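We have chain A; now place chain B onto it with these hints.
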Amino acid sequence: MIKAILIFNNHGKPRLSKFYEHFNEDIEQQIIRETFHLVSKRDENVCNFLEGGMLIGGSDYKLIYRHYATLYFVFCVDSSESELGILDLIQVNSQVFVETLDKCFENVCELDLIFHVDKVHHILAEMVMGGMVLETNMNEIITQVDLQNKMEKSEAGIAGAPARAVSAVKNMNLPEMPRNINIGDISIKVPNLPSFK
Amino acid sequence: MALKIVKGSIDRMFDKNLQDLVRGIRNHKEDEAKYISTCIDEIKQELKQDNIAVKANAVCKLTYLQMLGYDVSWAAFNIVEVMSSSKFTYKRIGYLAASQCFHESTDVIMLTTNQIRKDLSSPNQYDTGVALTGLSCFVTPDLARDLANDIMTLMSHTKPYIRKKAVLIMYKVFLKYPESLRPAFPRLKEKLEDPDPGVQSAAVNVICELARRNPKNYLSLAPLFFKLMTSSTNNWVLIKIIKLFGALTPLEPRLGKKLIEPLTNLIHSTSAMSLLYECVNTVIAVLISLSSGMPNHSASIQLCVQKLRILIEDSDQNLKYLGLLAMSKILKTHPKSVQSHKDLILQCLDDKDESIRLRALDLLYGMVSKKNLMEIVKKLMLHVDKAEGTTYRDELLTKIIDICSQSNYQYITNFEWYISILVELTRLEGTRHGHLIASQMLDVAIRVKAIRVFAVAQMATLLDNAHMLTGNTQRNGICEVLYAAAWICGEFSEHLENPMETLEAMLRPKVATLPGHIQAVYVQNAAKLFATVLKSQEGNTDSTTAQEASQLMIDRLPLFVQSANLEVQERASCILQLVKYIQKLQQKDVEVSEEVCALFAGELNPVAPKAQKKVPIPDGLDLDAWINEPPSESESEDEQPKAIFSKEEPKHSRPRHTEVDEKELARRREARKQEQANNPFYIKASPSSQKVYQETPGVEHIPVVQIDLSVPLKVPGLPMSDQYVKLEEERRQKERAEKKKKDKKKRKEKRSGRGKKHDSGPESEEDITPAHMVDIVTEEMPENALPSDDDERDPADPHKALDIDLDKPLADSEKLPVRSHRAAEVLKSPAEDEEGENVSSLEPKKKSSKEKREKKKDKDKDRKKSKEEKKKKKHKHEEKEEADLLCGQADEPAFQSEETNEVVTPPTSTSADVSDLDFWLSNAPVPSNTQEAATVAAAEAAPAPGAISVTTPDSEPEEPKDTEMEETKSSKHKKKKQKREKEDKEKKKKKKHHHHHHHHGDKGGEESVQNGTVEEEEPLPPMSNYCLLAENSYIKVAYDIQGNLQDGSQVVVSVIFENKCDSFLKSMEFNVLDSLNSKLQRPEGSGPHDSLTIPFQLPPGVSNEARFVFTVQSIIMPQKLKGTLTFIVKNEESSTHEKLDFKLHFTCTSYLITTPCYSDAFAKLLESGDLKSSSIRLEGVNMPFHHLLARICFHHHFSVVERIDSCASMYSRSIQGHHVCLLVKISSQTVSVDAKCDEPTLLGNVLDEIKQTFSQC
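As you go down the protein sequences, you meet chains A and B in turn. Residue numbers are given in full-length UniProt numbering: position 59 of the first sequence equals residue 59, and the series is strictly consecutive. Residue numbers are given in full-length UniProt numbering: position 449 of the second sequence equals residue 449, and the series is strictly consecutive.
To be clear, the hints were calculated from the coordinates, so they are not data collected in a lab. Treat the hints loosely; a few may be bogus.
Stated by the list, open to error - SDA-like cross-link-like pairs, simulated, lysine to any residue; straight-line CA separation at most 25 Å:
1. A:K119 to B:T89
2. B:K399 to A:S79
3. A:K13 to B:K332
4. A:K150 to B:K329
5. A:K150 to B:K16
6. B:K329 to A:L113
7. B:K227 to A:S80
8. B:K800 to A:D26
9. B:K332 to A:D60
Just so it is clear, the structure is predicted and the values come from calculations on it, not from any experiment.
This is chain B alone, in the form it adopts within the complex:
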C-alpha cells in the first residue's frame, strides 16, 4: 500500500506543480496565452484522474490562473471534490479555490452544504477554520440558512481561534439570512466580553459593521461599548468602538455629552495617531449632533481644530490628508473655527500631492463667505495659471465654479465680477469643462436680470474674439462657451451696444468650423440679432443700416445652408428665406420690424431641474396602458430607417485667409488700443477688443474714474476680476462708513448703550450687501408639484433587511433552523406558524423606540376595540379558564385563538432596556429608593407616556427639545385618557353583563390576553429596579442584580456610583467578602480577597456605572454579602481616604430572568406534574390589576403568559433553569398568588419577596 502511494507520487513528481506552472509562464513571455491553454488542457487531464493529490495540484494551479484572469468556473465540481478531501492540505487548497471563484450563482455550491457542516464540526480546529474562511467568501442565502445554527454553536467553541472566526462570519450570515440576526444577537453581544481579545475584537467588528447601517437598533448597547471603551487597550478595538459611537451620537445627543469627556481624555493621552484621529472624528460627530449653540463645547472644537492643525502641519502626507479630511467635517457645523486656518489650507493648495490639494480644495468650498469669496477665488485663479497637468487644472476650474455657484450664488455679491471670472476661465487651454462655464454663463445671465447688460457686453467681446477660443486645437471643449455667448447675445440683444457688429461677428466664415450644435445656436441667434437691428432702426428715415443687415444675412447665411449638420442646415435655410422676404419688403419701404420681433417675443424662464419629475400624473392617465393595440413583432423587422443622405457631405475646409485675418485684426487692435489709451473716459465695451494675454503698456496710466460703481470698468489687457476685488473693497468700506453713520444716528436717537459691536471689529456676513439689487430668478416648477423629495435608500441594499429591532426578547419561534427530521417541526407551538410571518413583517421596522411604543399603543387599542366587539358577541367561561391556567388542561382550543398568535412581547423587558439606557445616559442623581425615583420621575416627566415606559427618567431640563416632545405627548395622552375613561366605563358595564351570563360561554374564550400590561387603562407610575446599596456624604451607591442568561452560575451586579460632594472621587475600589456560595469574579492572578479597581473617576455631581460579575452556586436562598467601597476624596487642598461599608442583598428574584413563554408550553409545563405548588395572599392591595402585573413583571422578572380580566398566569425562569409559574387573581383588594415551581425553597423565597414588594406600597 505504502509502496503504491510512493509510486503514485513518483509519477506525480513529473506533473507540473504550481511552481512549475509559474516558471513556465515566465519562460513563455512571447506566447503566454498559448502556453497557458496547453496547461489548462493538462489540468483537465489531471482532474480526470482518481488520485486526489493530482486533483488538488490541478486545482491549486487553477487558482493561480484565476488570478491571471482565466475563467475556471468549469472546474467548480472538482473544487468541491478537493474540498471534501480528508486531508487538511488538500482541503485547504479546495477551500481556497472555492473562495476565489465561487459566488452565488455557482450551482455546485448547494452540494457543499453537508461537507461544510462536517468540516465545521471537525475535531481539528484548522479544518473548521479553513471551512469558515472559505465560507466567508462564498456564503449564499441557502448556505447561511442551513449553517447558521452550526456557526452559532461555534461561537461558543472552546478554542478562541474558532470563536473569533465564527463570530466574524456571522456578519456575512446576517447579510444573507437576516432572520438569523435576532436569535444570534444575544450570543454575539455576549462575545463582546469574551476573555480572548481576538474574539472580542471580532465581535466589536461585527456589531460596528451592523450598527453602521442601522445605528438606532444598537443604541441600547451604548453602555456596554462605553465600558469597553474605557477598559480596552486594544487600539484596533478602540478605533472601531469610537467609530461606532460616531454613528450613534447623531441619534442620541445625550450620548454625545457623555462621550465628550473620555474622548478628550483619549485625545490628550494617546500616542497612536490612528486612535487620535478617530477620536477627533467622533468628537466632531458629537459636536455636530449637539446643538451648535452650546457654548461650553467651544473648547472641544478648539481642541479638535488645534489637533487637526498639528496633523495638517505634519510632514507625514498621510496625516496631512486625514487632517484635511476631518477638517472638512468640522467645517459643516463650525465654519468659523476652520476659517481661522485659511492660511494653512491655502498653503496646502501648493502641496505636490494631488490628493492633498484636492482635499484642500474641498475645504475651501465650505470656507467661503461673502467676505472672502473674491479673495479665495483670486488665489485659486493664480493656481489655475500655475497648475501643471490638465486634470488638476480642470479640477480647480470646477471647484471655482462650484464655490461661486454654491447654494444659489449665495456668496456672490458682485455678479459682474463673477462674469469676468468666467470669461477669464475661458482662456484655459485644453480644458474639458467648456460646457460647465457655458452653463454658468447662461444660468447667471438668465437668472440675474441686473447683470444682463454687462453679460451681453462681455459675451459680445467673446464672440468677437472667438478665434482665440477655437484657436489651434479645434475641438478642445472650450468652444462650448461660444454656445452660451451666442445665445446670450441673441436672447438679450436689446442690451447690445452695437448689435450690428456682433451680428457680423456671429456670421464670420470661421464659425463654420465650430461643432454643429454651436453653429445652430449661432444661426438662430443671428436671426434674433437681426430682429433687434431692425427694431433699432425703426422710425429711422435712413433705412441703410437695416438694409445692410439684411444684405449681411443674405450674404453669409448660404454658408450655413451648406452645413453638414442637419440642424444648422434647417435653421439657416429657414432664416435665409425669411430674410430674403424681409429684404423685399424693405425695398418696398414696408415696416417689418414689429413682425420680425414678434418671432422672438416672450421671456424664457429657467426651469427647475426636478420639475419634470414633479409633474403629477393627471387622474385617469395610465402611462403603462397601451394607447393602440401592441404591434405584432413581425412588423418591426424590415423597416430599418434608411440613410436619407447617402453620404455625409465633405467637411468644409478651413478658410485659407486666416492669417490675413490675424494680421488685419492685430492692426485694428493696435489702432483701437491707441484710441482707448487716449480716451480716459472710455468705459464702453469695445467692439473688437484686445488680445487678452497681451501686456498693455501703462495700465496704471489709465485713470480709473469711478462714476458709478455698478458700471463696468474695462481696463484693457488686465484680468478684470482683480479690478473688482479692489472695487468691491472700496464699495464695502463706503457702505460700512454709511452704516456707521446710521448707527450713530440711531444710537443717538435711542440712547441705548448697546455696544460697540458694530463700530470696530470685522464686518459680519450680513453687513455685506450685494453691489446691485440682484434678484435671482427662482426656477420654475410645475403647478401643484409633488412635494416629495425623499432620497430613498437603495432597495437592493442588503443592509435594509438587517434593520431589525434587537431589544425585543426572542420569541420561541425565532430559532435558527436546526437540521432535524421534518417530523420534529410539527411539535412547535401552535402560535408559531403565524408568528413566523409576524416576525418577518416586523423586520422592516424603522421607528425609534419611542415611536414604536406609540405605535404599539395604537395597535393595542385597536385590538382592544375588536376584542370588545367580540365580547359583545361571545360570552366566556371565566371560571373554567381560570382553572385551566393552572391545572394546564389545555385541551380546549381556546388557546389557539387569533389573539394568542400575535406576538406580544412582554413590554417590561423592552422598557427595562430602554430605561436602562436612559438611566445610563442621564447623569441625573441616583434616586435613593424606588419610591423616590417614582416621585422624581413622575414630577419631571409629567404623565409618563403610557404604562409601558416604566421608567423613563429622560428628564433633562436643559433639553428643550425633549421637554417639548414630552409636552406634546402629554397633551395627546390626555385625550387618550379621556377616551380610555369612557372605554373603562363601558367595560365595567360589560363585565357586569358577563357575570350574569356566566356559564353560557361557548368554547372560544377569545379574550386570552397574553400580557396584562398591554391593556393599559391608566399610566403606571415609573419604577426603577436600582435600590440603594449605601450612602454617605460623599457618595451614593445604588445597585441592581441581573442573572446571566448564558451562564447558570453567574449574576451581574450593576452598581451606580454617584458623587454627591464637590470633590473629585478617585481610586475607587470595590470589594466584597466572598461567601462559600457567592464569589466576586476577580481578574486572573488576583487573590480571593483583593478588591477590584473601578475603571473610572467621578468628577463632582457625576454618576457612572460599573458592573461586577458574581458566581453563585446555589440560587434557592437569598443571600447577603458584606462589602466595602474605598475611595479617595480629592479636592484642591487635600485628599482623604474614605470607606463605605455595604451589604449586597442577593434576592432570589435576582436569579430569575424574564423569559417569554407561550400558553401551550405553559400548560404542558403545569401538566407535567414535576412542580410543587405554594400560594400567598396579599391583602389591601389597591392598585389596578395591570399595575400589579407590571410590578411583578418589573421587579421580579416575570412575563405574563395570559391574562383574562382579573386573573393572569405568569412565568419566569431562573438562571439555573427552574421554572416558576404564577397564577395571580385579584378580587376586591385581595390578591391571591398561586405558584408552582420545581424547587420549593426557591418558590417560597420568591413569594416572600413578592409579598414584600407589595407590602411596601
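If we strip away everything but chain A, and leave its shape as in the complex, we get:
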C-alpha cells in the first residue's frame, strides 16, 4: 500500500499532497516538513530509499523518492510494494505529468504544477487509487486523462468561453512563463527559473 504521495520543491513548499490515510491538516504539514527535511539533506547520488520518518508509518514504511530539477516526488509505501517498482512508477508518474500537462501548455515546469494542482490530482487518480497502484501503463493513463479533459472542455462549451479568454489574458501577464523544457528525458532543466519560495 502507498500511504502518501508528496510532491514538494527544493524549498519544501508542497506542490501536491495526497494522503491515503486520514491525518488532520496540522499533522499533514508536519509530515511534509519532516519528509522534506529527511529527503533534502541527501546527496544527489545516493540511493532513493530511506527509512520512514517518525510521523508517518513506522518500521514497515519506506520513503521512496526521486528528485527532478526543482521538485521532489516522494512516495511513502509499506513493505508490500516493490521498491524498484515504485521508482519506476515515479518515473512514469512524472513522465505522464510532463506529457499530459504538455498537451495543455507549451512547456512544463514546476509552475504548471503550482497552477494546475487539480489537474495533477486527476492524473494521479488514474495511476494510484486509494493507496493501490491502479495502472502502470503510461499510454493507458494518458488516454483516460485525455478523454476526461475532452469531456470537461465539451461541457464548458459556450459558457466556458469568456472565462477561458480571461484566463488566457491573465496568463499572458505572467512574468514567469515557463521556458523550454526537455520532455523526453526527465531531467528537466529549466534555466533561469526563479526560485519559488
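Structure of chain B alone, referenced to chain A:
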C-alpha cells in the same frame, strides 16, 4: 437562457479562480496568512451563491488551501453539493475535494450515500470512475456496507476501466466492512483471469494485499497464482504474485519446493532488476521455510547470494541498498553463505550513502561469530574514529554495543576485551549514548562475576580521569558513564587495588558539576568505599588510614550537602552524620568496620526486564477495586502541592583552580609514565593513569610479559582492545594446539579413522572456548512467573477482521445488503437470523484447515451426543419426514429446529478444495484411476483423518514432519474409532427402539441433519475426481471437469500431465476436435483448429496441471470430444515428436456445481411443481450410508440438504441453472434414488452416471 449563462460566466470571470489564488499567494509573500484569510472570506461568499459553477470554483480553491494546511472541513456540505452536480467537471472537483478532506468522522458523509450510488450506476463511465476514486479515499463502514453490492456489480462492468477501479476499491470495502469479503470473493477470484491486464493486475493487487495479512486463507489460490506466474508477462503483476508467494511459503513448505524452479528460471532469464530482486527475495523466503538442512538447495542459496553480490557491487546505489537488505534476510538462516562476503559488506561501511552504511551495519550484526567478533568490532572502531557527523557515529556506537551484547553476550569470549571496548567508546565526543555504554558496563559487571576485578580496575581509572569525560562540554551525555563507574567501584569495592585513592577521586570538588543523579550515586558509593577502607584496615594496629578516610569524607561531603539536588543532599547529609559518628568511635578505638560493612551487605542480582509483568496476581486481589471509598471530587482542588523551597539554590560555580589541577595532573602523569616505563613488570591498574589520546613514546619497548593470560595487560597510551585481539589469537592457537594433541591421543586410543576434520581447516565455532569461565548470571524472575510470552496482534488492526475462511462455500445468508424495501427481508430463509450470527462468530477463525477439520469433528461429535440425548426423549415420525423431503410439504415446523440453523457446510467441497491444493502441491504420480488413487493414498496416509478429508494425498515420505503429524493423528483416531464403535452400537439399539415406537412422534423431528457426511461413523476411503484421460510410455494424462459458476456456458477442464519417462518433455500442445456443441476456447486470433501450447515443460518424473476452458451450448447430454496431445521427448542424444490421442468425456455430472441449499428453499422448489421426476434403484450396495452420500457429493457435485437416518435429500445445480433434487434411501443394500429436475434428459443422464459410479465399486 443561454444569454443568462453567458452573463453569469462573465460575472464569474472576475471571480478568482485557482490560478488567481495561487498567483495572489505568490505575490503576497510578506503577509501570506492575511491574504489567505481574505481569500477564505471570499470563498465563503462564493459558496453562498446559487450558481454551481461559482461553488465549484470555490471548492477547487479550498482544495488547494487544504494542501497548504488550512482546515476546510467547514465547507464539507458545499463539497457534497458540488459532488452532486450533474456536470462531470464540477463533480470531479467535488469528489477531489472530498477525497482530500473527508474522513470517517465527517458527518455529512452519510448524506452522500445515495449520490454516490447514483454516480456508480451512471451511464457515463467517468462519472462512475470519479466516484470510485473519491470513495476509495473516504469510504466509511456505513458507506462500505451500503455500497458493497453496487461496487460488486461494477466488478463485472463491460468497461475494463470501471472493472479495474471496482476491483481495487473492494479492498477498501473489505477493510471497512469485513462481512463483504466472503460474498465478494468468488468474483474477485474470477477477476484474476480477466482478459484485461489492468483488471487482472488490480485483482492480483487486492488479493496480495489481503493475503499479506492473513496468508493461510489464500493458500488454496496458490495453483491459480502459480499459473498466472508462469503465464503473465506484466512485471508489475509478477512482482506482486512473487511477493505473495513469499508470504505463503512459510505456511506450506511444499509450495516452496514447487516454486524454486520457476523462480530460479526467472532469476536467470529476467532483465528487469525489480523482478529479479523480488524473485531473489521470495527464493530466500522459500529457503527459510524449508528446513535448512536440505542439501540440494545450497545451489539456490548460492545463486541468490551471488546475484545479490552483483547487486551490491553495482554502481547504482538503489541496487546496492536493496542487495544489502535482501542479504540480511538470508543471513538469518544461512549465515555461512553471507559471511563469505564479509569483505564486500565491510566495504559498504565506507560508502558515502548513509542508508547503505546503516544496512551494512545491520548485516554485520548478524554476521558476527565468536571467531570474528573482535575483528569486526575493531573495524567498526576504526570507522567510529573516522565517522563524520554525530548521528552516524552514534549509530555505529549503538551497533557495536548491539553486536557485542546480542543474545546474552553469546559471541564474547573475552569480557576484558569488551570492557576495554566500552572504555574506549567513552572517548567519543558528543555522543548521546552515554547511558547505553553505562548500562552495558553495569550489566557486564553484575552478570559476569569473573570480570569484576578487571572491571573495577578500569572503572577506577575512569573515575580518576573523570575530568576528561566531562571536559569542556558539560552535559554531553557521556558523563552518564561515570554513573556506572561509580556504582561498580562502590558495589564491588572489595576488588579495588587502592580504595583510598578511588575514594579520593570520587569526592573531588569537580564532581559537584555533574548531573544530580550521578552525584547521588557518587555519594552513595563513596560510603560503600569508605566501608571497604575501614574493613581493610581492620585489625591493623595503625589506624591512621582509617582515620584519614573518615577525615576525607568529613571534609568533602559538606559540598554535596549543599547540593541543589534533593537526592544528593539527602544522601550526603545522612552519610556525613554517619561518618561523623564513626569518627568519634574511631577516636575511642572502637572496631566499627563490621557494622559499617553490614550496611551494604548482600548481593544485588539483575532482574529480568519482564519480571514485573510476570508476577501473578494473588488470588482474591482485585486491582480495580477501591481500597477506600473514592474521594469526592471537590477535595482535590485546593490541595496543590506547594513548593517546599521557594527558590532553587543557585548552582555552584565551577571551581576556578581547574587549570592548576590540569597542570598538576599532567606533571604527575609524566612522572608516573616514567616510572612505568622503567618497570617492565608493571601490570597493575595505575591509580591515576595517562591521558589516553596521547601517543606514548616507544610502546614497543615495553616488554609484554605473558604471565597469565587472564591478567589484564595494561599498555599505557594504546587502545587496549587491540591488545586483546592479539592475545586472543594467541590463546586460541594455544588451545587449538592442545586440542589437536588431545585429538591425536584420542584417535590413537580409539583407532577410529574418522577424519582429518579437526586437523586442518578453520576452527569451528564450538572450538572457541571463552578466555575464562564466564558465568553469565541469569536474570531473576519472580517465583511462579507466568509463562505467557505471546505478542498478540494489535487488536485495533483492521486486518484482523479480514481473517476469514474463504474456502467454505457461501451460505445463502451471506449476501451483500441490497437496497430494497424492508419488507423484502422477511422472505429470507428461516435459518438466516441465527446464521448471521454464526457467520460473524466464524470470522475470527484462525486455524489452519487441518485444525479446523479436527475442530469440526469435535463439534459434530458434541452435536451428535446432544442429538442422542434428544432421541431418547423424542421419537420421530420417520415415514412422514421422508415423504416431506420430496413432496415438499414443509408445513411442519420440524425444519426450523435448532439443528437446521447451524451452518453445516457441505464438507465435500471444502475438502475438494483442500485436496485440490494438496494434489497440486504434491508432485506425486497421478493415479490412473480413482480406485488406484484410493488404495495408494490409503496405504500411505494410513487411516485418513476423518471422513471429511476425502482425498488427502499429502503423503510425501521425505517429509518427516508430515508423517509424524499423521501418526499422532492416527493414534488419536484410533481412540476415536473405539469410541465411535461404542456409539454406533448404542445407536443401533436406539434405532430399533425407534421402530417400535413409530407413530408416536411429536412434531419436532429434531434430528434433521443437514449433511450426511458430517456424521462420520467410519473413515471414508479417499477419493479423487481426476480420471485417466490417456497414457503411453512417456506421459500420463488425467483430467477433471468443473463447471464455471459465473458463466453458464463454460466448463473448465483441469488436466494433469505427468512425465513418466526419463526424458524432458517439451513443446506440449493440446488440441481437441470441436463439436457443434462444445468448443475449446482458444486465444483470440487463432483459428478453430489450432492447438493450444501448454505453458510449461516437464522434467522427468514431474507432473503439472493445465486448465482449458470449453464453451458448451447444451448441457443436457453427455459428450465425448476427440483430441490429441503432441509433445517432444527430449533426452541427451535425441528428441522425438510424440503424439497421444484421447477422448475427453464430458459427463452431465461435470456440468453440475455443488450448491448449498436450505431445507425450506428445497421444499419450495419441490412444491413448485415445475420439476419432472425419475428414479433408479441400485442393488447390492454394501457401503455405509454416509459413504454413499459422500460419494454422490464428491463425484456428482451434490450437497446434502437434510439427512434423517437412512434417508437423505440432496441438491445440485447445473451451470445453466437447472435444479436437480435427489431423495436417497437405503434399506438393506438396496438404494433407491428418487430425483426431480426441470430438465428430464439431464436428469436421466445424471442418474445413469450415478448408477455407473456405484456399479464400479
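Hints, verified against the model:
The hinted pair formed by K119 of chain A and T89 of chain B meets the criterion: a straight-line CA distance of about 11 Å does not exceed 25 Å. Taking the CA atoms of K399 of chain B and S79 of chain A, the gap is about 24 Å. The hint holds against a cut of 25 Å. About 42 Å separates the Cα atoms of K13 of chain A and K332 of chain B, which puts this hinted pair outside 25 Å; it is violated. For the hint pairing K150 of chain A with K329 of chain B, the CA-to-CA distance comes to about 50 Å; that exceeds 25 Å, so the pair is violated.
A threshold of 25 Å between alpha carbons decides the hint, and for K150 of chain A with K16 of chain B the separation of about 24 Å falls inside it, so the pair holds. As the CA atoms of K329 of chain B and L113 of chain A are separated by approximately 41 Å, the hinted pair breaks the 25 Å bound. Between K227 of chain B and S80 of chain A, the direct Cα distance comes to roughly 21 Å. Compliance with the 25 Å bound is thereby established for this hinted pair. For the suggested pair K800 of chain B and D26 of chain A, the alpha carbons sit about 30 Å apart, so the restraint of at most 25 Å is broken.
For the suggested pair K332 of chain B and D60 of chain A, the alpha carbons sit about 18 Å apart, so the restraint of at most 25 Å is met.
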